[in-house]
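So you can see what is in the structure, the chains are spelled out below.
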Amino acid sequence: MITFSSVSLIYPSSTKTVFENLTFKVSEGELVLVMGPTGSGKSSLLRLINGLIPHHTGGILAGDISVNGISTREVKPGGLAHLIGIVGQNPINGFVSDKVEEELAFGMETLNLQPEVMRKRVEEVLDLLSLAHLRGRSITTLSGGEQQRVAIGSALVMHPKVLVLDEPTSALDPIAAEEVLSILHRLVHDLGLTVVVSEHKLERVIQFADRILYIKGDGQTQIGRPEEVLKDSEIAPPIVHLARALNLDEIALTVRDMRRTTEKFRSNAVVAKVKTPPIFTAEIIEVNDVTLSYGNTRALDNVSLRIGEEEIVAVMGRNGAGKSSLLRSIAGVLKPTQGKISVLGSDPIDLAGKERRQRIGFIPQEPSDLLYGQSVQEECRTADRDNESESGATFDLLQNLVPGISPTTHPRDLSEGQRLALALSVVLSANPKVLILDEPTRGLDYSAKNGLISTLKAIASHGCAVILATHDVELVAEVATRVIFIADGEIVADGSTLDVLLSSPAFAPQVAKIMSPVPWLTVKEVVRAIGLSS
Amino acid sequence: MDRSLHPLAWWIWAGALAISAARQGSALLSIALVGVVALVVIFKSEDAPWAQSFRWALRMGLWIFTIRTLTGILIGVPIPGRTLFSIPILPLPSWMAGIRIGGNVTLERLSATAHEGVMLAAIVALLGAAASLSSPHRLLRSLPIMVYEFGVAVVIATSLIPQLVASTARIREAQRLRGQDIRRLKSWKRIALPLLEDSLSRSLDLAAAMDARGYGFSRRRSRYRPSTWHVRETLICASALLALAWPPIAIIAAVTALILAPKLKEDVLP
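Residue numbers (this note's numbering), protein chains in the order written: chain A, 3 to 536; chain B, 5 to 274.
Each hint should be verified, as a subset may be incorrect.
Claimed, not checked - In silico DMTMM-like pairs for lysine to aspartate or glutamate, Cα to Cα no more than 25 Å straight-line:
1) A/K18 with B/E201
2) A/K101 with B/E112
3) A/K515 with A/E126
4) B/K193 with A/D388
5) A/K337 with A/E368
For the record, the hints were derived by calculation from the structure and aren't laboratory data.
The whole structure should be built from the sequences, with the hints applied where relevant.
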């Protein structure tokens, strides 16, 4: 279906080739997962398939790419619209109309299809993706998962043979992600659709993939069955790390298969006694009966909680449950309609300037919102000046987090992980007592995530309180000491990470699903426990 | 849900009203007209990002009025009449004869400039009303495919403006949380840069998405649910066009729209 023959790609302004001599074939009805570290060219590869590169963005291309026998050299992306559906990283940026139904019809209108045909196809897709009840809704009012489904739907109405998706679940909570992925799985099996999907959170997609295309970042690529590729790849989901740690011969990719092969470890397990509840530490944040409403909707409903030193609190919940509202109220951006919040004895809404920097550090969803310097160095100097600290302090901090960033680089040219590290060091240079992060792992690969985990642990051990909102259960399992689960603006669960994550199957990390009922959350814990028992 | 009015009807209506207001040249008529049109916007516009256009147009109109009046007071040809107050005259070189900065401000001069300011502001507000009453996306669909580049530009611009407002708020918030003083004028530099990057990448995404979905590839384009032209549209447009002949009818045309146009507030189910 898709053929890449000795494809090389280079961008005009860069000296590094993105791909060199890439050759592979994807046959009909396959689901191919594209994986690789950030900045390795996953998005570029996806955009090569329908010719957006080089027709839309430029770039020098050698070799040939053909889809269903049509070479992308000869046809512009528009000419492949009936053959390839593409769903971008942020579907909201690609929507052309304001109503769900009109958005679905847009592509067919451009292909000049007859109204009767369009009607029929729109109905089909509405049913296929269970969007029928949303047909008249305005797209901006939909949740992230619903928007993702609309984007997939508007590609499917064209009856494409190939569907290309760029990180379709990165912004979604585990349940919405599961929904989207099972739809993809069904499309491949029922309609014989060919799907190419890129994703960082491998634990979500791995069980659906027929083959993996691994872009190693140094121009090397590997394509093969998941078991082969993951056997010794640098990037791997927890399930593979577990298999490696337990020295299993075969790598199983589904929880079910893995449970079969790890039977003996579970039955032999000597469960270490349940962790003692955290010692009461000095209290930093106090939230008392806080209610926050926008018009008629209540984003937070009578929320009370206390957070102390050295705690790392993960706030979880569906998209739109009120995670961001809670974080932003604590940070002092939103004023609660009722109730009181205090951070070290003062109302965060009144904090400004230096006092604010030294109390609360906030990393927004887009870390680049914080940055405005023309170079990494300029950014660090501004932070030094703001904190009246000695020059170079911020840059040293950055070198500690991610070594090897050149001070003259423009922040825009950094990878997602490096940019997050820069924003973190700018914020941390003021030594805040509270660090708040909103969705820090969007677009982070595993190595950047590990970097973040060790940074957060180090900060917390210095007496800082860390709060993060995230959908990433694996991150929560690794880093958090406590989990707060929010639904509809109310706190539904608040307890130690172990208790909260194990109590709901959808939010359980992969290792916990495999090892259940033994309460282990991460590969490290399993290794430690098994080391103890043997 | 009631079908919305044909987007072109709104533009014809608003355009005709603006022209007739300009032809009549009466500040009173213009203010009354903007008042009735404001009611139409309040009652008949959808809960959509572009519905804010009227509010922005009003603000812009206010700015235009202020600037026009100020420049009218400071610079210009003296008009004889009752002197209200006088500003010291700025001496200018001889080759700039005919231009005067400062001097006596007469009631006549003040009212003349204020009047012009009102007219300009009213025209801006009326066109803003059309923008907030009709969905730009739907307008684009009723335009022929020949104006393809124009279409892409319109879609990008109209979906960008609400996003721009949202991004500005987001970035200002982030900067404030970094402990920066965001009220100072200098802080705009700190906001402008991330904002520019953000909007640029969004526009490129949108253009790529439209390209990938075949927009403009085929010269012919079908309509899924064509915007239809009913008696309603004809009546509203006809009343507005009549106002071109005799401007005071414009008020009646505005009221016609207030009565005939469907109400489109969306009921978002929880």
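Violations among the numbered hints, reported as their numbers in ascending order: 2 and 3
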